[in-house]
Amino acid sequence: MTLVVAGFEKDGSIVFCGDSLITTKFSGISVKLTSSFRKIIPLEIIIRVPDFSPDGTIIRYVETTSSHRCIIAFAGSTLVSQHIINSIQGHLRRVKYTYDSGEYDYSEGRQKGAHYKLIMDCENNDKVEKTLWDEDIFNTPAELASELISKDFLIRLFKHCIQGVMDNFYINTNEFFEPEWFLSDFIVAFSCYETKKNHLVTFKMDFGDSAVNLVVEEIDKDELAMIGISRYNEKIKFSYQEKKENSSTANILFSEIINAVKDNESADLREIGRPVVLKMFDLHRELRDKQKEWRK
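Add 115 to the 1-based position in the sequence shown for our numbering, that's all there is to it.
It should be emphasised that the hints constitute simulated quantities derived from the structure, not laboratory data.
Mimicking BS3-like on lysine-lysine, the simulated pairs with C-alpha atoms at most 27 Å apart in a straight line are:
| hint | residue 1 | residue 2 |
| --- | --- | --- |
| 1 | Lys125 | Lys359 |
| 2 | Lys405 | Lys377 |
| 3 | Lys312 | Lys359 |
| 4 | Lys319 | Lys147 |
| 5 | Lys350 | Lys377 |
| 6 | Lys125 | Lys311 |
| 7 | Lys274 | Lys319 |
| 8 | Lys407 | Lys359 |
| 9 | Lys319 | Lys266 |
| 10 | Lys140 | Lys377 |
| 11 | Lys359 | Lys311 |
| 12 | Lys266 | Lys125 |
| 13 | Lys242 | Lys232 |
| 14 | Lys405 | Lys350 |
| 15 | Lys232 | Lys311 |
| 16 | Lys125 | Lys407 |
| 17 | Lys405 | Lys359 |
| 18 | Lys125 | Lys319 |
| 19 | Lys147 | Lys411 |
| 20 | Lys232 | Lys245 |
| 21 | Lys336 | Lys358 |
| 22 | Lys352 | Lys336 |
Simulated DEER-style distance windows between Cβ atoms:
| hint | residue 1 | residue 2 | range |
| --- | --- | --- | --- |
| 23 | Tyr221 | Thr246 | 15 to 25 Å |
| 24 | Phe291 | Ile174 | 47 to 57 Å |
| 25 | Lys377 | Phe291 | 27 to 37 Å |
| 26 | Arg153 | Asp404 | 17 to 27 Å |
| 27 | Pro294 | Ser222 | 51 to 61 Å |
| 28 | Gly143 | Cys237 | 35 to 45 Å |
| 29 | Thr246 | Lys311 | 24 to 34 Å |
| 30 | Thr180 | Ser362 | 34 to 44 Å |
| 31 | Ser151 | Glu244 | 38 to 48 Å |
| 32 | Ile144 | Lys377 | 19 to 29 Å |
| 33 | Phe322 | Ile174 | 40 to 50 Å |
| 34 | Asp404 | Ser151 | 17 to 27 Å |
Ideal Cβ placement from N, Cα and C applies to all residues, glycine included.
Whenever a hint applies, use it, and build me the whole structure from the sequences.
Structure below.
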């Protein structure tokens with residue numbers, strides 16, 4: 116099982132803190148499989164820009180240098196979560212920079228709404244790719260393509276990847292099915308050029324009688340994102356609200372997750388375990404120099 120918590124610092128940066136134990140169930144008892152498992156993972160965002168033939172058609176897309184990251188954390192089924200994260204990483208590494216020519220406004224006698232945009236590699240782009248372009252239509256520095264990274268685009272991409280796995284899954288309604296075999300929840304931190312802020316969003320699976328739905332929630336700057344076991348949630352929330360004015364979010368979460376792991380181990384519950392890892396994120400990048408770990 117897992118416990119990961121994330122929240123904002125006063126400067127708008129984002130803190131993740133979680134355990135790193137992987138377990139399974141055998142005859143109703145938790146069995147430790149491995150420790151030091153990465154549950155908080157930085158992912159690259161790579162934008163691919165068009166390359167043209169002499170006649171003005173797009174012949175391929177060229178990767179730009181990657182300088183943008185987001186961070187994702189998971190709880191629940193390790194196999195399903197890793198499958199979803201692999202899909203998300205694959206999509207993030209193949210983002211396309213493209214052009215929308217808008218629509219012709221007959222009342223004004225002119226084209227309106229033309230703009231550059233980012234799309235997923237799996238989205239239909241035939242109209243653009245079958246057009247003969249003037250050589251200057253994409254004559255834009257590659258770094259400007261990165262400035263189209265937005266909250267709306269990234270949330271749409273994450274939903275697409277998670278929902279795609281869910282849509283391919285059929286819930287077996289017989290008595291042997293256990294939702295925990297599939298259940299996977301995520302916290303994602305990313306930055307947006309449009310809002311000029313960091314954002315923290317949770318993606319959680321909600322199981323009904325015959326379907327599984329995806330619940331998406333953006334976390335407020337004064338709240339916490341929490342996934343995994345709920346045993347320690349209220350204590351962590353209370354401590355955060357009580358101490359946040361006089362202490363950093365990083366110090367509060369690091370201390371609380373360590374205490375939760377100690378308590379869990381003392382009762383031999385085998386739900387969460389060391390090492391405890393803390394990571395920080397700000398403005399499209401992981402702050403690796405601020406990472407901390409507790410193993411004692």
